Amino acid sequence: MTTELLINAVIAGVLLGGFYAALTVGISLSFGILDIVNIAHPAFIILGAYIAYLLNSSLGLDPILASIVTLPLFFGLGALVYQVYHLSFERRGQDPMRGLAFFFGLLIIIEVVLILAFGVDYRYVQTAYRDITLHYGFVDLPMRMLVPFAVALALVAILILFLSRSFTGRMIMAVSQDAVALKLLAADPVRIKRTAFALSIATASVAGALLIVIQPVEPSIGREYIGRIFAICVLGGLQSLPGMLVGAMLLGVIESITATFYGPSWAPAVSFGLLLFALAFRPAGLFGR
Amino acid sequence: MRTLPFLFGCLALGAIAFVLGRALGNDYLFFAGYTVLQYIVLATGWNILGGYTGYVNFGSAAFFAIGAYTSVVLQKSGSLPLPVMVGIGGLAAGLVGLAMGYLTLRLRGAFFAIATLALAVVMQTIVVNWNYVGGSRGAYILRPAAIDIAGFTLPYIQYLFATMAILAAIGVSAARAIERSRLGFGLAAIRDDEAAAEACGVPTLKLKLVATTLSGALMGMAGAPLPYYIGYLQPSSAFGLDYAINAIAMPMIGGTTSWAGPVIGAVLLGTLQQLATVTISSVANLLIVGLLLTGFVMVAPNGILGLVQKFRPGRIALRRHPLFRGQQ
Numbered sequence: 031m032t033t034e035l036l037i038n039a040v041i042a043g044v045l046l047g048g049f050y051a052a053l054t055v056g057i058s059l060s061f062g063i064l065d066i067v068n069i070a071h072p073a074f075i076i077l078g079a080y081i082a083y084l085l086n087s088s089l090g091l092d093p094i095l096a097s098i099v100t101l102p103l104f105f106g107l108g109a110l111v112y113q114v115y116h117l118s119f120e121r122r123g124q125d126p127m128r129g130l131a132f133f134f135g136l137l138i139i140i141e142v143v144l145i146l147a148f149g150v151d152y153r154y155v156q157t158a159y160r161d162i163t164l165h166y167g168f169v170d171l172p173m174r175m176l177v178p179f180a181v182a183l184a185l186v187a188i189l190i191l192f193l194s195r196s197f198t199g200r201m202i203m204a205v206s207q208d209a210v211a212l213k214l215l216a217a218d219p220v221r222i223k224r225t226a227f228a229l230s231i232a233t234a235s236v237a238g239a240l241l242i243v244i245q246p247v248e249p250s251i252g253r254e255y256i257g258r259i260f261a262i263c264v265l266g267g268l269q270s271l272p273g274m275l276v277g278a279m280l281l282g283v284i285e286s287i288t289a290t291f292y293g294p295s296w297a298p299a300v301s302f303g304l305l306l307f308a309l310a311f312r313p314a315g316l317f318g319r
Numbered sequence: 015m016r017t018l019p020f021l022f023g024c025l026a027l028g029a030i031a032f033v034l035g036r037a038l039g040n041d042y043l044f045f046a047g048y049t050v051l052q053y054i055v056l057a058t059g060w061n062i063l064g065g066y067t068g069y070v071n072f073g074s075a076a077f078f079a080i081g082a083y084t085s086v087v088l089q090k091s092g093s094l095p096l097p098v099m100v101g102i103g104g105l106a107a108g109l110v111g112l113a114m115g116y117l118t119l120r121l122r123g124a125f126f127a128i129a130t131l132a133l134a135v136v137m138q139t140i141v142v143n144w145n146y147v148g149g150s151r152g153a154y155i156l157r158p159a160a161i162d163i164a165g166f167t168l169p170y171i172q173y174l175f176a177t178m179a180i181l182a183a184i185g186v187s188a189a190r191a192i193e194r195s196r197l198g199f200g201l202a203a204i205r206d207d208e209a210a211a212e213a214c215g216v217p218t219l220k221l222k223l224v225a226t227t228l229s230g231a232l233m234g235m236a237g238a239p240l241p242y243y244i245g246y247l248q249p250s251s252a253f254g255l256d257y258a259i260n261a262i263a264m265p266m267i268g269g270t271t272s273w274a275g276p277v278i279g280a281v282l283l284g285t286l287q288q289l290a291t292v293t294i295s296s297v298a299n300l301l302i303v304g305l306l307l308t309g310f311v312m313v314a315p316n317g318i319l320g321l322v323q324k325f326r327p328g329r330i331a332l333r334r335h336p337l338f339r340g341q342q
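Chains as they are written, first to last, in this note's numbering: chain L, 31 to 319; chain E, 15 to 342.
None of these hints come from the bench; they were simulated from the model.
Since we're looking at a predicted model, the values are computed, not measured.
One or more hints might be untrue.
[Unchecked claim] Sample of chain L residues facing chain E (criterion: CB under 10 Å; computed from the structure):
(1) Val-114
(2) Arg-128
(3) Gly-135
(4) Leu-146
(5) Arg-258
(6) Pro-298
(7) Leu-306
(8) Leu-309
[As the list claims (entries may be wrong)] Computed far set for chain E versus chain L, every beta-carbon distance over 10 Å:
(9) Leu-34
(10) Gln-89
(11) Leu-94
(12) Ile-155
(13) Glu-193
(14) Ala-209
(15) Ala-211
(16) Thr-293
[To be verified] Now the stretches of chain L that chain E is said to cover, found in silico as 3 or more residues with beta-carbon under 8 Å:
(17) 248-256
(18) 259-266
By construction, the Cβ of each residue, glycine as well, lies at the ideal position given by its N, Cα and C atoms.
Extracted from the complex, chain E is given alone in its bound form (with noise of 0.2 Å):
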């Protein structure tokens, strides 16, 4: 399937979401829809550098706090609408993906790990000690109870659903067309041996810093919401661990050499987190997370992608040639 139309299908799936959502007319489940809609993008966005590239990021809730500060600067400066506010924040993540790729992309991939943990908390500082933004006090933003869009009132939970519907519909399109280009060839070329592939003539640090500038701006993306879903932001919940661990357990989870790893790593971690927070407790949450990224990744390291491979029918002579064995 060509790129369009299955952006248009992605798209057709959040709009039978949305009418399903209201016939119910539970806003519970726009909340919960919202959560896990934003998770796909920010799985999504990891997945363009971890998964593709090979690079693993621990930072992703820096990049996804950028976004959402960044619409609290902006909601404070004056008012934009939400999508443009959405853009600015995922071009503000995605230049710091860019100046932190530059800074440490020509070191090994541990370096770069370490380097985008540090990011974290060095990000988390300059916000904590920066008042414009509410500091350590965390800032309030006066969510409009309901918002008019040709002609249609609808309560601002369902408009930001649909935005954040519209976004994860965008970001897997994006990330399943990169897969399939020139430019993922060549991620996917530094992923399995950078010196070779530098050696093949990929342009490596060039597809990088691309990978990095992509990955970085759709996390943004997916945090520039976030004040307006919760109505306080402080940095200990925009830095939040669980931005963090999600954004790398979901597609460690689902498979990370395609796009479908993140978006089905998202929809069952995310549901089963929302199930855990409403039944045990939201530290529990973390728990379940942990002890399913550590199990996966010892007993299932291709994800649940790489199970359903495995176990179907037609791959199995291939796997059993000479030149296949041993590198499962």
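Just chain L, with the same shape it has in the complex (with noise of 0.2 Å):
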């Protein structure tokens, strides 16, 4: 019975680890690769959330389809923060340290906002695919989570091959690497950051619908993620997607192991002291060098 219960668990934790990847890949983008700490990601991540839920209860439009819909919105949105973030703070040269005090305002605006207009009742949204669940021998597939694990994996198989096989990914990669470089290079380091940073707030639309149709949400929901997926982020090395998704199941499968035997209300403490941990003794991540 317990070995049944574990393997649903490992099972289950990998199909949440999956959703996780597909929030934490946007931190990887701007905090993994271009340095950027983009605390404010999750609120963006709710703010998808919202829009989602908006399409899919005025249209009646599916979640996931929503989201991805509003991408180039998103993509704009990316690229608008970016400039601002750009001119105040990368090329006036200030310390990273307002730029993080800037981030942690843009969260607070977002959430704020979004209490205004939408109040701090938990939204859900409706799906096709919500209620039913796949059984094999004692085996429990909900759809409601197996969707949006197919989702991110695809999401992340998307970014990793454009950013090692598309001209712009390489370039993504190389401005991480060195911008003074690519200059000599004649290719503009600032609006390549600008479009990567534009894709990780762009991939935060459909990281919000995924989260949506896992769980109700709340504007205040996102603080709670953004641990996790700082956590994810380092724990799979700060610039390798391959090592963040196995970051993420791995957080997943902890977490829903302690969920089955410790109860719920534990799981978030376990995420948070494996940051601490990881940032602690490996800070370079389970697969750096």
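With the hints as a guide, bring both chains together as one complex.
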């Protein structure tokens, strides 16, 4: 019986981990690759969740489809945020502490605006697959988790391919290594960073839709995810998306086992404890040098 | 001015405010004043690490709540006078600060900031699961209606106000003394260039640990009287977002490099929020603080103090000097 429980917890954890990867992929881009500590990323994810909710409740659109429709919007928003960040902090050579405070302020503003617009009630979406669960023997696979898992894997896979194969993707990887060298090759590092940051915010749109498919959303739950997504990003080694995927799965499984055997209220402490220890003893990540 | 005369000056200022409040006979003034004073202590505490040393702590609410929950524990296990509770609360928060610093301060600043965010959530999870202090339901604290001190009978809120005023005077004086001491210069060297400081023989890790401990202790002391102030403490209020954001916004808006910055920020923002709570709503509060914080870090990176210095006539010649150009 306990073995069955354990196997189910591990499978649920892997599904959860996939979803976490979708939340983290934006941070891997902005923090891992560009070195911009965007702690407001979870707030953008919640924003994405609410936009998916709006389109779902008014037009009956599937939230994931809705998030893909709004991708350009988030891309534009990300470009705008980067432009402001660049002009006020990067170009003036301000110390990164103020950039952090800027994103912290942004986090608060998005959260409070959402509270003022929607209140603090939990919102949820209607989907065709919400109440379906697949059973294989004693293994349960709820579609509510399976669909986000698949979408998240697709999202991460597309980004991995984009970064390693496309010209823009390779320039993004190059800018993280040496912006000056890129300048010597007549490429504009600011423009590339803007594209990459915009891309990272665009992923928040999809991640938000996945979030609201999995659980009801209220404006302040984004903060619960800050530690999680940074923990995953650090665990996976900052610059590596495949490493991030493994980190996400690991965290998902650990959290799921904790929730199954010790109660869900302990799950956040486990992930954050893991983050603290990862930072203290292995800041280069599991796969770092 | 030396530290002791400064401390007595601060105490005298607090005493004047106290006597004025009593003369006006309005208890609301004490409730509002307590909040502002509490923010002065919190912002000053944050600034010792954040402003002097340059390490951003997003987990101020955790230290604040450690102070508050230490009082709950002490109150449940026996009665102690409030100042003793404040001291123990500060000690507990200081120790957590030390442990936290030891785990993470060897890393880059951004990692430290993220770790403090995580610390707040770990602490909140522990408190939510800890039944002795009420868990997620919260804990009731019976606030005495009045207290006898040396023959005087004071309403309890006035007693809280006086305690917080003394704490604020001590905290600000301590921050000011640190700023002008060997420790303060060491911290400033770390803020400006940690590698260079290390190379010059500044014991960076040791100084950073001292700063984290002091900063945590002050923030814990700011929170210790909270259960008596609100009467009913639940995790979501002790770990509230207001504390986390105000602790950062107040020094940033006032100016982080001097003791006066957090005080200016706390008085301005604290009063503004009291007014906004009464006239608009407490949610709008946070929006105002968020907008001010982002606005200030973008436009006036050195806060109000920076603006004042910028427009002080004597400094302009120096700023135009080629060596100083581009360092603004």
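For each hint, the structure was consulted:
{"no.": "1", "hint": "Val-114", "result": "holds, 7 Å"}
{"no.": "2", "hint": "Arg-128", "result": "holds, 4 Å"}
{"no.": "3", "hint": "Gly-135", "result": "holds, 4 Å"}
{"no.": "4", "hint": "Leu-146", "result": "holds, 6 Å"}
{"no.": "5", "hint": "Arg-258", "result": "holds, 9 Å"}
{"no.": "6", "hint": "Pro-298", "result": "holds, 5 Å"}
{"no.": "7", "hint": "Leu-306", "result": "holds, 6 Å"}
{"no.": "8", "hint": "Leu-309", "result": "holds, 5 Å"}
{"no.": "9", "hint": "Leu-34", "result": "holds, 34 Å"}
{"no.": "10", "hint": "Gln-89", "result": "holds, 24 Å"}
{"no.": "11", "hint": "Leu-94", "result": "holds, 29 Å"}
{"no.": "12", "hint": "Ile-155", "result": "holds, 24 Å"}
{"no.": "13", "hint": "Glu-193", "result": "holds, 18 Å"}
{"no.": "14", "hint": "Ala-209", "result": "holds, 14 Å"}
{"no.": "15", "hint": "Ala-211", "result": "holds, 14 Å"}
{"no.": "16", "hint": "Thr-293", "result": "holds, 16 Å"}
{"no.": "17", "hint": "248-256", "result": "holds (count 4)"}
{"no.": "18", "hint": "259-266", "result": "holds (count 3)"}
Hint compliance for this structure: every hint is met.
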